[in-house]
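Work the whole structure out from these sequences, hints included.
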Amino acid sequence: MATILAGCGFTDTTGSPPEALSAEDDRPEDDRVDGDRADDDPRLGGHEVVWQVHPPLGLVPVTVAQTAVPTVTVYGDGLVLMADGVDHSATGHPVELRSARLGGAALRALLERADASDVFARPAPDFGHLAVTDLGETVLVFRTSHGEVVHRSVYGLGVERYAGEDLSPEQRELRIEFQELIAEARADVGETTRYEPPRVEVNDLSGRGQDLSGGRRWPGPPFSELFRGTDDCAVVHGDVARTVFAAALDNPGIRWTAEGENRELVVRALVPGQQPCQ
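Start counting the sequence shown at 1; every next residue gets the next number (our numbering).
Worth flagging that the hints you see were computed from the coordinates, not collected in a lab. Where is the CB? At the ideal position from N, CA and C, for every residue including glycine. Please note: incorrect hints may appear among the correct ones.
As the list claims (entries may be wrong) - Here are the computed distance ranges between Cβ atoms for each label pair:
1) C233 x A121: 33 to 41 Å
2) S145 x Q278: 26 to 34 Å
3) E180 x R108: 15 to 23 Å
4) R108 x P222: 43 to 51 Å
5) P252 x G104: 23 to 31 Å
Quick look at the structure:
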């Protein structure tokens, strides 16, 4: 779980675990594919996450941590969800997701490449560590051919040119392979369409002493129903979730008003199976 550094508006997410993989199927009906699992690879045909990439965060503004989404998520039935690549998160603007489909051959090839890679074939690959602070870890989550969910994390991925002698040649090669796996997964995806999330997470960032007036009208449940007791995170489902997400995309800020009360709320799309409020 991320640790919020009180008073500075920044969150240290270095080393935070990614959301747990789940077989929960909370996709819209038109995103569900009914198919049999492949006899030779039970990962194929199911609704479980088989591949997921979490972006590096490190020491970032709270709004960035609370709007971050997995950059790529692949399910056993070929559904792919990807962050749209446009970063609005510094101001608390939601990150949109795009959906696509991987054909059976492309999905099988992706999983087989990962199974055979040193990144996952080795029990404990050593990616090394850069002597630079606050960069964050890129996390790759993979469901192996044995059904085991494996996490691989690399600190400071992409800035190896600054590592000097911190990294051995073997560690550099492993990092390159790690990057290539991520790039190949995205390259296999064809045309994408906008994903309208059936679940969204709402985080309350109010109470930091600012004047919160001038916000947009909140389109979701009343604040008193959304946040009970000391809760500052809630989940909205269904059509209301889609309405809230669309309104958050249209809001240039994160201020909202309802029933005479003003709050600062950030909205995050949840991918199917993602555990909320972590």
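Query raised in the report: So which hints don't hold here, by number, going up?
Result: Hint 5 contradicted; others consistent.
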